[in-house]
Amino acid sequence: MAETGREGTTWTRKDLLGLEDLSREEILYILDAAEGFSEVSTRSIKKVPALRGKVIVNLFFEASTRTRISFELAGTRLSADVINFSGATSSAVKGETLNDTARNIEAMGVDILVVRHPCSGAALQISRLVSASVVNAGDGSHEHPTQALLDIFTIRRRLGRVEGLKVAIVGDVAHSRVARSNIWGLQKLGAEVYAVGPPTLVPRGLAKLGVKVSHHLDEVLHEVDVFNMLRIQTERQDEGLFPTIREYSRLFGLNRQRMRRVKPEALVLHPGPINRGVEIMPDVADGPQSVILNQVTNGLAVRMAVLYLVGTRPAASPAAAEGLA
Amino acid sequence: MAETGREGTTWTRKDLLGLEDLSREEILYILDAAEGFSEVSTRSIKKVPALRGKVIVNLFFEASTRTRISFELAGTRLSADVINFSGATSSAVKGETLNDTARNIEAMGVDILVVRHPCSGAALQISRLVSASVVNAGDGSHEHPTQALLDIFTIRRRLGRVEGLKVAIVGDVAHSRVARSNIWGLQKLGAEVYAVGPPTLVPRGLAKLGVKVSHHLDEVLHEVDVFNMLRIQTERQDEGLFPTIREYSRLFGLNRQRMRRVKPEALVLHPGPINRGVEIMPDVADGPQSVILNQVTNGLAVRMAVLYLVGTRPAASPAAAEGLA
Amino acid sequence: MAETGREGTTWTRKDLLGLEDLSREEILYILDAAEGFSEVSTRSIKKVPALRGKVIVNLFFEASTRTRISFELAGTRLSADVINFSGATSSAVKGETLNDTARNIEAMGVDILVVRHPCSGAALQISRLVSASVVNAGDGSHEHPTQALLDIFTIRRRLGRVEGLKVAIVGDVAHSRVARSNIWGLQKLGAEVYAVGPPTLVPRGLAKLGVKVSHHLDEVLHEVDVFNMLRIQTERQDEGLFPTIREYSRLFGLNRQRMRRVKPEALVLHPGPINRGVEIMPDVADGPQSVILNQVTNGLAVRMAVLYLVGTRPAASPAAAEGLA
Chain A
32 MAETGREGTT WTRKDLLGLE DLSREEILYI LDAAEGFSEV STRSIKKVPA
82 LRGKVIVNLF FEASTRTRIS FELAGTRLSA DVINFSGATS SAVKGETLND
132 TARNIEAMGV DILVVRHPCS GAALQISRLV SASVVNAGDG SHEHPTQALL
182 DIFTIRRRLG RVEGLKVAIV GDVAHSRVAR SNIWGLQKLG AEVYAVGPPT
232 LVPRGLAKLG VKVSHHLDEV LHEVDVFNML RIQTERQDEG LFPTIREYSR
282 LFGLNRQRMR RVKPEALVLH PGPINRGVEI MPDVADGPQS VILNQVTNGL
332 AVRMAVLYLV GTRPAASPAA AEGLA
Chain B
32 MAETGREGTT WTRKDLLGLE DLSREEILYI LDAAEGFSEV STRSIKKVPA
82 LRGKVIVNLF FEASTRTRIS FELAGTRLSA DVINFSGATS SAVKGETLND
132 TARNIEAMGV DILVVRHPCS GAALQISRLV SASVVNAGDG SHEHPTQALL
182 DIFTIRRRLG RVEGLKVAIV GDVAHSRVAR SNIWGLQKLG AEVYAVGPPT
232 LVPRGLAKLG VKVSHHLDEV LHEVDVFNML RIQTERQDEG LFPTIREYSR
282 LFGLNRQRMR RVKPEALVLH PGPINRGVEI MPDVADGPQS VILNQVTNGL
332 AVRMAVLYLV GTRPAASPAA AEGLA
Chain C
32 MAETGREGTT WTRKDLLGLE DLSREEILYI LDAAEGFSEV STRSIKKVPA
82 LRGKVIVNLF FEASTRTRIS FELAGTRLSA DVINFSGATS SAVKGETLND
132 TARNIEAMGV DILVVRHPCS GAALQISRLV SASVVNAGDG SHEHPTQALL
182 DIFTIRRRLG RVEGLKVAIV GDVAHSRVAR SNIWGLQKLG AEVYAVGPPT
232 LVPRGLAKLG VKVSHHLDEV LHEVDVFNML RIQTERQDEG LFPTIREYSR
282 LFGLNRQRMR RVKPEALVLH PGPINRGVEI MPDVADGPQS VILNQVTNGL
332 AVRMAVLYLV GTRPAASPAA AEGLA
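Protein chains in written order, with this note's numbering: chain A, 32 to 356; chain B, 32 to 356; chain C, 32 to 356.
Calculated from the structure, these hints are not laboratory results.
Mixed in with the good hints there might be a few duds.
The list that follows gives simulated cross-link-like pairs (lysine-lysine, DSSO-like), each with its CA atoms no further than 27 Å apart [stated by the list, open to error]:
no.: 1; chain 1: B; residue 1: K78; chain 2: A; residue 2: K78
no.: 2; chain 1: A; residue 1: K78; chain 2: C; residue 2: K77
no.: 3; chain 1: A; residue 1: K77; chain 2: B; residue 2: K77
no.: 4; chain 1: A; residue 1: K77; chain 2: C; residue 2: K78
no.: 5; chain 1: B; residue 1: K45; chain 2: B; residue 2: K219
no.: 6; chain 1: A; residue 1: K77; chain 2: C; residue 2: K77
no.: 7; chain 1: A; residue 1: K78; chain 2: B; residue 2: K77
no.: 8; chain 1: B; residue 1: K45; chain 2: A; residue 2: K78
no.: 9; chain 1: B; residue 1: K78; chain 2: C; residue 2: K45
no.: 10; chain 1: A; residue 1: K78; chain 2: C; residue 2: K78
no.: 11; chain 1: C; residue 1: K77; chain 2: A; residue 2: K45
no.: 12; chain 1: C; residue 1: K78; chain 2: B; residue 2: K78
no.: 13; chain 1: B; residue 1: K77; chain 2: C; residue 2: K78
no.: 14; chain 1: A; residue 1: K77; chain 2: B; residue 2: K45
Same shape as in the complex, but just chain A:
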């Protein structure tokens, strides 16, 4: 049971900003907590009173309905009150600084800020300013830790372990916060990470993160245990980073032909939303090796775990810590 959180480990961090900062033990601690919460979602009454009377604000400066709903539901299942704040319709338009917005929201007695922002480092910046907990829900091309945690949680559940697995992240790894968080998390748990894509999106320099760089999906097909297919942003095409969607799909799309060559137990993940017919073909996305919808389901358990841990950490609330023990 090398991958289970050690006895005696506890969560003491105020924030979850990224997986780069976390130890292997902390990551396992979150995953184990998520196992407990995933059971809650199978009940008829899907609520526990863990965060009753606490306030969570979803502070989203980028549109993302799925992630917002996932956090909103996770908070609701913990009985917290969840308030949505969308940057587009906010006093952001009146030119208030990010810092002032964060300080103001905290002054209203908020316990946890879930922050999504187009700038790398935004969550960190806010976390230094406020005593409320900050959960990074995606900052620029930096990190998206809960996405990586749910990816890893899904892999561990399906394959029974993470250590020793070969995980290929396929697509625009260079610009992807999902890729970055996955690389940190997977490596800390002992997986071997491949970055696969055209040289413009997977430059050789990525090897300095400790990943195996490949520009040919077909070369690694047979040896990989998990394929995490990133969503391709069509904007990248305008920037000249790949010639055409059709060409990208031919070289790096996961299709039926390629699936015949992968290991029989290999898993297919995708952070969503899917571009059907581009990075993944419909029959693969809906096929038996796809765990894409499991990722969505597990995302709720992982986010419940994260909100619970930062919301009841001993430092913040001694009384709550007793409930944790």
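Assemble chains B and C onto chain A, guided by the hints.
Okay, now just chains B and C, sitting in the frame of chain A:
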């Protein structure tokens, strides 16, 4: 009591997609359940724990504040957690298919999806895909069943019956999902339905739905028990379907002069929002025969009943069914 | 204790539309109630069941995330169900009148409408139409009573009194609903109010409201106890009401140099969001005499008090009144 749901009838459907599919008994069953819930709204504490721990998502791909708020309040009064998803700010903009959006939201453990969509058949399409319940809150020009149910509920409450009544639906019947659902529901309960409007909006062919087509409001004024005045869409004018608003109003608007010629107990309904001075004059909308605000109030009870029935149907949850008995 | 609400005073108003209408005793009654609620926000579980089962609708026809969130949190802490309605995405776009919108929402069984609207008098208009309580959250350039109440609450807490204080409102007093509500409230409680700004934004005629008009901030610096720095709207520059932002800031901005000349206990307030570097310099906004974040915190307590008082007034609900005694 021919119009009350029979002893022993129970609700077994996963979804409410339209009134065309429902039997007379099922419609009466919903109306009777709504009678019970309409009492809840008169209490000081307007909540019952019927759907506690259940999650309802309002999945609206068309703006509609009133209908959204009505469903949100109905869910809240049943103690469900209600999440709003608006198509305009969603991953819909990232090009995700309707099917993927629905499957993803279901994977988060949602119990009921309330769907509004500009395409006819969207709610049906989703319902076939997900095991969660789907309530159609308006799909293209197809059906809007809860609106028709609240119209019929309001009529039954005021006039004591539906059978044998003459109900005129006045306006753009050809393009109206409200009209279509009313026609199915009213006919199943034994009412006689008139479709009244200019030939461009009420073509002769509508008679195949079993309605009496009239192009002259004044000809039917004296014999009708209920006038359901549809909102006229000014876009129809651009399409050349009627000459001017003023002309439409002169021929089909309900005004004081016309009200002098209707039966003394005739009711005036309107699904809202009202175009005052177009299809209905202010003194008629606010007059003693108008039940327009009662419709809004009753809409809550009807939607509580629908959410309750699909959310606790025996197949979905045997335990809940006991509470229903 | 001249400034505490008298024994035996009770709250009987259905609405809170402005401070002009209120007696000194009523204002003190709200402030005293807010003292009680401010304690709730310091608890680990920040909820009281005072408005359980009641429905509050935030009816906002102007974007204002902070005020909306503050009211949403205040309602939530009182255990009410809070529904957000934003004018921009509403049936307002379908041309429904304000009156019809309000009547419709009330027909859904709403207990309290919190109204923000760009037209002066909108909250009053709605309040006359509906039996639900109406709380004015800002109407045109007329009043914004809860903002003034939280300003006054903050002053009273910090300086121990309001009576006899000299309070300068600095900036675009002529067009400011915050200024107007503050003037009424402060004067009723015995403070002396200064209106300070260029003649285009603080015309001599303002003296008829009983305020001391000054066009030179430096002249009054030494004698004022409280500076309430209004946000300058850059649109005013386009209207030719002041030459440049830089010039305005030089003459009326609160900076370090000016702070050296104020009384040692003088307070700095700002209704937010702050234009850092315009009407207030960053080191003053974040300095020891600034109570700007306290205002935000106190806003929650004041809004809880207002929602509680209108939501449980004796006339509306005899049972609730017992809980008040």
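- Query: Checked against the structure, which of the hints given earlier come out wrong?
  - Reply: none
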